[in-house]
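One letter stands for each residue in the lines below.
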Amino acid sequence: EAGVAQSPRYKIIEKRQSVAFWCNPISGHATLYWYQQILGQGPKLLIQFQNNGVVDDSQLPKDRFSAERLKGVDSTLKIQPAKLEDSAVYLCASSRASGGFQETQYFGPGTRLLVL
Amino acid sequence: GQSLEQPSEVTAVEGAIVQINCTYQTSGFYGLSWYQQHDGGAPTFLSYNGLDGLEETGRFSSFLSRSDSYGYLLLQELQMKDSASYFCAVRALNSGNTPLVFGKGTRLSVIA
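Same order as they appear, the protein sequences are chains A and B. Numbered by the working numbering, the letters in the first sequence go through residues 1 to 116 in order. Numbered by the working numbering, the letters in the second sequence go through residues 1 to 112 in order.
Be a bit skeptical, because a hint or two may be false.
[Claimed, not checked] Stretch-level coverage of chain B by chain A, calculated; a stretch enters the list once three of its residues show a Cβ under 8 Å from a Cβ in chain A:
no.: 1; segment: 68-76
no.: 2; segment: 85-93
no.: 3; segment: 98-109
Since the hints were derived computationally from the structure, they do not count as laboratory data. Don't be surprised by glycine CBs; every beta carbon is placed ideally from N, CA and C.
Given the sequences, and given the hints that come with them, work out the whole structure.
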């Protein structure tokens with residue numbers, strides 16, 4: 001089974017520019033997550049989708065970050081405008097069903113963003 | 001809110017056993033998971049404990065004590081390829097959802 005795909009793998013932009021990341025989850029996985037991982041820290045959940053609906057976006061900085069999963073499959077995460085502190089790895093993960101307690105999340109390779 | 005504490009770094013010898021501890025404080029608790037992440041790689045799931053006790057998967061075991069808000073990951077017969085960061089993560093209640101909340105990770109270095 002193919003894993004979670006993400007692109008691009010690396011991105012360098014200047015502050016105040018915009019950037020978008022793309023994620024294609026494992027086929028058939030209903031739940032999709034976007035995490036931000038700052039160097040030396042654990043992943044932090046930004047947003048969780050169940051099919052094409054948002055389950056949790058409580059930690060998404062909505063003044064600059066947006067995400068969508070229009071057809072319940074792939075997803076995009078956008079930052080507009082970027083700040084220096086947005087430099088991080090953006091990880092996409094998916095899980096089979098409802099995101100329940102015991103459910104394994106499968107992570108993609110991430111997009112490394114550097115904001116100059 | 002939630003907070004997790006785990007050592008930042010651990011060094012162990014190839015073939016030995018190492019234990020990585022994790023203590024947590026959460027508002028609501030729905031289990032403790034462990035993930036492994038190699039440098040530049042994706043986090044991969046290792047284990048989940050929903051109830052007290054020990055879960056064993058090959059060379060890796062994980063333990064949970066809910067009364068002590070404590071868990072650990074035990075790695076046996078260490079191999080060089082086990083050098084990675086290990087994250088504990090709790091399922092905790094947040095605005096009606098139970099997201100994974102990760103610790104800062106423990107960087108394990110296996111030396112010959």
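Results for each hint:
Check result for the segment 68-76 of chain B against chain A: violated, 0 residues qualifying (beta carbon to beta carbon below 8 Å, three or more required). Counting residues of the segment 85-93 of chain B whose C-beta lies closer than 8 Å to any C-beta of chain A gives 3; at least three are required, and the coverage claim holds. Coverage of the segment 98-109 of chain B by chain A holds. Counting CB-CB distances below 8 Å, 8 residues qualify, and the rule asks for three or more.
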